[in-house]
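Chemist: Take a look at the letters that make up each chain.
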Amino acid sequence: MVSGIRLSTPVVFAALGETIAERAGVLNLGLEGMMLMGAFGGFIGTYFTGNVFVGLLLAIFGPALMAVLMAFMSVTLRTNQLVAGLAIWLLGVGLTALLFRLTFGVVTIAPKINEVPGIDIPFLSHIPIIGSAIFRYDPFVYLAFLLVPLIHIFLFKTSLGLKIRTVGENPRQADALGVNVYKIRYLAVIIGGVLAGLAGSYFALVTTGYFLENITAGQGWIALAVVIFGRWKPFYVLLGGLTFGFVDAFQLGLQAVGTAVPSQFLLMLPYLIPIAILAGMYKKTAAPAALAIPYKRGER
Amino acid sequence: MRGSNSLKMKVELQKKRLKLLSFAPYMSAGFAFLIGAIILSFSGVDPVVAYGVMLKGAFGSIRGIADTLVKTTPLLLTGLGVALAFKCRIWNIGAEGQLYMGALGAALAGISVIGAVPIVGVTFALIIGFIFGASIGLVPAVLKVKLGVNEIIVTVLLNFIVLLFITYLLHGPIKAPGFNPYSPEIFPQSQLPIILPHTRLHAGIIIAALATIATYLLLSKTKIGFEIKSVGANLKAARYAGMNVSKSILVVMGISGGLAGLAGAVLVTGVQRYLIEGISPGYGFIAVIVALLGRQHPIGVSIVAFFFAALISGSEVMYRTLGIPSSFAPTLQALVLIFVLIGELFTRLPVTKRGGVI
Amino acid sequence: MNHETSEISNITTKYFRKFKRDNALEQVDHQTDTPSSIEHDGDRLVIMKGISCRFGELMANDNVNFDLMKGEIHALLGENGAGKTTLMSILYGMYQPTSGNIYVRGNRVAIKSPLHAIDLGISMVHQHFLLTPPHTVSENIIVGLKTNRRIFLDIQNAEKKILSLSNKYGLEVDPNAIVGNLSVGEQQRVEIIKALYRDVDVLILDEPTGMLTPKEEEALFVVLKSMVNQGLSIIFITHKLREVMEVSDRVTVLRNGNVIGTVKTTDTSETELARMMIGRSFVNQTSIESSTNNQSDTILELTNVYAVNNSNVLFIKDLSLELHKGEILGIAGVDGNGQSELAELIAGLRKMRSGQIIMDSKPIENISPKHIREWGLAYVPEDRLHTGLILEYTIAENLVLDRWYAEPYSGKLFLKKYEMKEFAEKMISDFDIKITGLSAPVRSMSGGNLQKIVLARELSRNPKVLVVHNPTRGLDIGATEYVHRQLIKQRDNGVGVLLLSLDLDEILSISDRIGVIYEGKIVTIVEREKADVDQLGLLMGGKVAESNL
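Chains as they are written, first to last, in our numbering: chain P, 1 to 300; chain C, 1 to 358; chain H, 1 to 549.
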């Protein structure tokens, strides 16, 4: 169970960010690439300076740039968002592996950084049994949990959040009321990039202490599914992320024990459920109405 | 009359633009290589030498060309499938999953009784691969036609489901004896013959070429192709012309999935000889890019697929000789795509459809 | 102030002015062309002087003068294409005029965007609502506004303000309601409050009654009157004469982008307004001979048809008409009164709620378009670019869009390209179509030639009924005459032609009988000789004809 939460943390970060982006109407298939860039940036920054915070900064910087590029292609150039996202994904995959190899060359001993340790929350972590289980996580986990209500409040209770949601549903309405649709979409995508970068850095900074090619192992794609699973609502997205994490942990546990139980079927559930949900609500999807549709002012 | 003069000017401008358009892809590719060169020189490698190695690696020897063609095959097949779906404005992002289903089908067929029959075996494996791919491809189509579900989401999610399913099978029911999660090796009679001695070039390239021609004929000469194109170009007019939109969607996803499945089958019967996780390095996703850059036209797709395959095989040689990581290829591919997309801004290339994806 | 600080203040003023240049209330110090009294007339909130707006070839507004006095309801009347919406879109900052000046409260301004217009106190309620169905009324109204609670939404205050506006003007809304669940009338109220919420005092309404029930219309008029009593000034775009007479204080009539006149409503009548709107003293044009057919065999008949439009609002209301063989029945009317829906009903592209359509003695309700075509209907849609043609296709491909699935143009599996090409060549010569190339996409062809392709395709089937909707829209004179000649030719061959057109001249010049469609119903049908343009104008504007009572 402990590992379940740790496994879900990066997914939750990435999915929260993508929720914001998609609420503004932009579908980012390049999430995986951004996460990889975050992992790479976090690793390099920490490795060369010994300072985790530099690592975090770098972890955010790369994906943020990629997010700007994604926004440029999707919002300004109004290209097909699917393709733009895939380009970002490829770029992330290729560039991170390339830059890593170019920086370190072929090494027999992989360069390593010290993992970020768990934080001992005073008092609470001394509660017998559960205390040490729940309240000794690394700061990322707490941040993730904190972000969920924050993002919920952001989306539903702030005026910027309302602007984002309106842009994603009816950009023409937002435009007519003076909202800068382009700026809002850029912002949303960049926030998504920042969170994806944080998500990716988790792998390097906490989970392993290394950077490996493809260290994110598809979690970026899982995050996309989690957003749909969570119906674009932060709390449900958290639920979705946790589901993945727990199922994953469970499956890993099973493998360790050596049972032949087809854990893969359990793993499939988080992907099947969104399809079932969509199929069941065929009249009205909960998806933002303008998702993945480029906006041009004055188009009648 | 004023009207016709400005129209004449418009036509002239369009002709000039079309001329410029044809250069755009080369310019974009050029920019991409330029950025690649910058990255290389930053890390102490002479870009000219590096590109030279890459070129020679991809084209400079028989083995090189063979290798490039081997990689072209699955990319081309999936690219054709995706391009076909895109022609109908059906956004099939599930080619990877469809490919694996096809690979599964071929792996199973190749160890079955029929798989041991000469000639029939390999044909059977390929056909089963196509069918498996088509079946999984129909799932999003049916959901879209009957329930109006967005195919982008379903195809993306199905990829995971299929991959997990394959993993399960490879660790259990179809695992070959031993420690590794492979399926048993298929019978020699189910394997694609090598057509160029001393290389790895197998008959799959011929199949891919045939598929290209078939897709071309389908789109330009058949009634169903006409419907598919019309539905993709103008849904309203297609409906008014009495075309059956649902039928087009189902057919298109069936063939699209089938082609991707065929690609998987080719990978099993021509390259690996058994099914293994990771048999495809993401061909299904790269195919989306190939389809778009090839303007969804079979000939264009084949050229782009060849080019991308050359990038991959060339960069493998770069790795062996110069130690440049093989991830250079996807980087270049991504850069080419990005620059082409940006280039659209200046030449207004109709590379993408305006007005929405869904 | 010593030298340095004055330097700095000079520089900052310069930069400040640079930003002010783009600012709203540009104080005009050195204008030489300001006529003396108008701009400074305290009663005139808005003055638009000499506004021209050109879209490519088209002059949507030609030197238009318009003004709005404080506390009045000023109607903007005209047919389609008269330029009403364009003019107001300019006032609302969505378009920029190519020439002319706008003065708001005496200051010359250049209105750059809707936000800017709102800053100036001008707001617009569009014909097609801009609302987000899943959000609440409050959320729809306040999006984009700054709040007192810094970054947070202040729903409570918003609700209070909404309710107070609601009470003040009699616009009943529930701030918590989900917009998607509201009726059209309720949604319009939300739209109006959305406009008023931003503390404006000029409200522009674009064809507000289009989708309202009569009751809702009356309620709206009450609200409007209450609004001006509370200090608002209203501009009201419409083509309906009754509304003008009932609710406005003044009315400006536009026709073809020009102002015909601005009058006090009490000084005019529906008849006069209709005449100004339509603008013809009808000279009986016998340039084209009437049909010599005395056939009154009915080839197409609609009876008591009811149908909804795309927004699920009842748009065709108890429509009946009879089309005879060998005649051209021209239906006049302002756009938005059901012409598109009527054409689509006949062509099989729209289902009806109730009623009957019989063509050539066969009922064609709920029959597929393909079959209706096969039974003898030809249809030239208004939207030739989107329904009639596929622009990416070649001329040959477009010409077979109605018959591609059968011999001789295709076999079991394959298209027969050779036969298609032959057919195309024949049509090109028969209809004198100017092509850029046989394998070029038709997108590159002119509007007139595109229309010829559609006509060629439809007419080559030797139909019994031909429905054409705005067939000459956007075409030059030559192409227009060509189309008219084709229609007459079909008529002479015994085809029943139903001509739906926004161009009254066109209807008057080639129809044998003339009718008017208004609010989804055919309100009259007369022989051409007996047609009285003034009467037609009135009917198009909604006045109930005496004889129909």
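In case anyone wonders, no lab produced these hints; they're calculated from the structure. Misleading hints may appear alongside valid ones.
Unchecked claim - In silico DSS-like cross-links for lysine-lysine, where the CA-CA straight-line distance does not exceed 30 Å:
(1) P:Lys-296 / C:Lys-223
(2) H:Lys-489 / C:Lys-247
(3) H:Lys-530 / H:Lys-325
(4) H:Lys-325 / C:Lys-223
(5) C:Lys-144 / P:Lys-233
(6) C:Lys-247 / H:Lys-351
(7) C:Lys-146 / C:Lys-223
Chemist: Would you check the hint for Lys-325 (chain H) and Lys-223 (chain C), treating anything up to 30 Å between C-alpha atoms as holding?
Modeler: Violated - the C-alpha atoms of Lys-223 (chain C) and Lys-325 (chain H) are around 36 Å apart, more than 30 Å.
Chemist: Given the hint that Lys-144 (chain C) pairs with Lys-233 (chain P), test it: the Cα-Cα distance must not exceed 30 Å.
Modeler: Status holds; Cα separation ~24 Å.
Chemist: Please work out if Lys-530 (chain H) and Lys-325 (chain H) have their alpha carbons no farther apart than 30 Å.
Modeler: The given pair, whose Cα atoms are some 20 Å apart, holds under the 30 Å limit.
Chemist: Check the hint pairing Lys-146 (chain C) with Lys-223 (chain C) against an upper bound of 30 Å on the C-alpha distance.
Modeler: OK: Lys-146 (chain C) and Lys-223 (chain C) at ~23 Å, within 30 Å.
Chemist: With a cut-off of 30 Å on the C-alpha distance, tell me whether Lys-489 (chain H) and Lys-247 (chain C) pass.
Modeler: Cα-Cα ~39 Å, so violated.
Chemist: So if I understand the rule, the pair passes when the alpha-carbon distance is 30 Å or less; does Lys-247 (chain C) with Lys-351 (chain H) pass?
Modeler: Holds: Lys-247 (chain C) and Lys-351 (chain H) sit about 22 Å apart, inside 30 Å.
Chemist: Sort out whether Lys-223 (chain C) lies within 30 Å of Lys-296 (chain P), counting only the CA atoms.
Modeler: 36 Å, violated
When each numbered hint is compared with the structure, violations occur for hints 1, 2, 4.
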